[in-house]
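Asker: Line order of the protein sequences matches chains C and U.
Each residue of the first sequence is one higher than the one before, counting from 50 in the numbering used here.
Each residue of the second sequence is one higher than the one before, counting from 1118 in the numbering used here.
One thing to keep in mind: the hints can contain errors.
Stated by the list, open to error - Computed footprint of chain C on chain U, listed as stretches where at least three residues anywhere in the stretch have a Cβ under 8 Å from a Cβ of chain C: (1) 1162 to 1176; (2) 1200 to 1212; (3) 1215 to 1225.
To be verified - From the derived model, a few chain C residues whose C-beta atoms are all more than 10 Å from chain U: (4) L56; (5) L245; (6) L255; (7) F260; (8) V270.
Hints listed in this document are in silico derivations from the structure and should not be mistaken for laboratory results.
Fair warning: this is a prediction, and the values are worked out from it, not measured in the lab.
For glycine and all other residues, C-beta sits at the position ideal for the given N, C-alpha and C.
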Amino acid sequence: MSIRSLLRALGLLAVGLFFLFPLFWVLMMSFMTNADILRSPPSLIFEPTVSNYTSLLSGSLASQVGTLNVDYVQNLMNSFILAAGSVVLSLLLAVPAAYAFARFRFRGGENMAFTILSFKFAPPLLVLIPLLGYFRQIGLTDSYIGLIWVYQLITLPLVLWIVRGYFEDISEDVEYAYRLDGHSWWETFTRIALPLARPGIASAGLLAFIFAWNNFIFALVLGSSRVQPVTVGALNFVTASGIQYGQIAAALVLSILPTLAVALYAQRFLVQGLSLGAVKG
Amino acid sequence: MSYLQISNLSKSLGRAEVIRGLDLAMDHGEFLVVFGPSGCGKTTLLRLIAGVIKADGGEVAIAGESMAEVEPEHRGVAMAFQSFALYPHFSAFENIASPLRADGLAEREVKQRVQEVAGMLRITNVLDHMPKELSNGQKQRTSLARSLIRRPRVLLLDDPLRNVDAKLRYEMRIELPEVLRQFETTVLYVTQDFKEAMALGDRVAVMLDGAIRQVDRPANIYRRPADLDVARLFGDPPMNLIPTRPQRHNGGGITVRLGESVLDAPGCPERLLDRECVVGIRPEDVHFLDSREGDCLPVRLEAVMPLNVRTAMLVTAPGALELTSSAWDIREARDEENDTAVRIDLNGAVYFDPDSGQRVQNQ
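Build the full structure now, drawing on both the sequences and the hints.
Answerer: Set out below in structure tokens:
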């Protein structure tokens, strides 16, 4: 092995450690008691315990002062409903819109697309307070529908702009050819454009899911514990008797699993997309 | 009434006016080649006929019926694309079967008809391949098969031989007319290769700047191009175009001055006498002579370009006149033999008005 490739390997190792170490540490913490975690100096030798997980899943948090009820499982379910609901709604709305923006030139089209993108630039706090007022009036606070609606501020622009790029990359000729074969524009959209843009739609959906999953501020202000996701739910572990690091770590590990699963599933489509490039002559 | 009738068609893309008042008419079963340089609007014309883009003005009619309100899938028009435009996620079989699927044909008939057309184009062995596994030649045949399988009323071929290698292109130039004849369809074939236009078309339409400049049999366009632009385009090597002023010779015949020499120009129109004009001489009308005797133009051979078919030669004559000549025999550019002579056959020459660029006809 040459020095060059050795350095390269070392560099990659350093980068890998830098990103994976926090994850590793959180995983370790999730199997420690609070006492082990707070020991100074920290030690890698400890007696692993699953009590953090059991207390999370059973919903009762044992601490020095007594037991505290937490709805972590409910939070996890909420996260899933909110993120999945947001992605489904965004895909339904943004994929046809992305196709329209990619294929048709219409008056104000570019402005419209950019306005939607600008939703992502606005700081959430700017819209939160007036939004809270409106939501109270029309009774959308503390509801899944209300939160999914607000999450579109995050996911809709993302899906629209990523998928639009993929549609633009599909040769117009391929779609023209399908029309001339005798198919309607709708059949052309569903059987040619959608399958060919699938890697783009998959990656946009995946990113949107992660962004929605990680959102904190909207759910904190607009929802109660009934609909709040894990990001907000983790606040419950900051208790009067101290911060429950072990449970927080276990909660984090559990909350990463769904996004990891989605990423692994969607990966197939991403790879397939790369090998489909057979349109060029 | 023509089968395919295009009248006063116009289309702008962005600010550029791509098609300007284009007229074209084709008979049923005709094979017409549209020849033009890249960027002259050929592909846009085909897309307008197919209906996948909408015209700004004018009309396309097929079999006497205006296509203005007819969607592309109902026009009975098929097209083979320069980029092949195969569906990358369908096998070659499904690519070819696509028009039949749209008609909802039974599986057995689909199979039979795909086999039939694939056999004709000799791609039966690759039907279960995906497009990315096909060679360019096979892609091109698959795309042709797809456009032919439903026996379209009008078949549009957008430079289909552009992206295949030279040997295959040559084969297809011979094979394609044979295949198309069996389908008895009206074919509009677009190319920017003048040899292809000469080889394939019953008639050739020369397209320039979004309009048709001349429609005629290939040989007629070659011999009597309608204007200077067509003359420059149509031919390889291109026509010699030399500004001149025809004069009445003492004896009565008309002569033209080429460089420092004055030559008899028997075919020159009378009304060009004493007027500025451009004389167009095909390279094959510039004949090499063995000696500088008689009615000849002394020239010096400057460069030789073997074309294998005819050899093209560049010569200069006194008076800073440059000419290209082409001949069957190959000369070598050797210094001692380069000062030679040519005889120019002005019988085949054509004359253009330098201002309008139009060919001046001989009444």
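Asker: So, for every hint listed, does it hold in this structure?
Answerer: Hints versus structure:
Coverage of the segment 1162 to 1176 of chain U by chain C holds. Counting CB-CB distances below 8 Å, 3 residues qualify, and the rule asks for three or more. Under a criterion of three residues with beta carbons nearer than 8 Å to beta carbons of chain C, the stated coverage of the segment 1200 to 1212 of chain U is upheld, 7 such residues being counted. Figure legend: the segment 1215 to 1225 of chain U, annotated as covered by chain C; annotation consistent (5 residues with Cβ-Cβ distances under 8 Å, at least 3 required). Listed as a non-interface residue, L56 (chain C) keeps its Cβ farther than 10 Å from every Cβ of chain U; the least gap is roughly 38 Å.
Non-interface status of L245 (chain C) relative to chain U is broken: a Cβ of that chain comes within 10 Å, the nearest being about 7 Å off. Distance check on L255 (chain C): its Cβ is at least 21 Å (rounded) from any Cβ of chain U, clearing the 10 Å threshold; non-interface status holds. With a closest Cβ-Cβ approach of about 29 Å to chain U, F260 (chain C) is found to remain outside the 10 Å limit, as its non-interface label requires. No Cβ of chain U comes within 10 Å of the Cβ of V270 (chain C); the nearest lies about 45 Å off, and the non-interface call holds.
In this structure, the one hint that does not hold is number 5.
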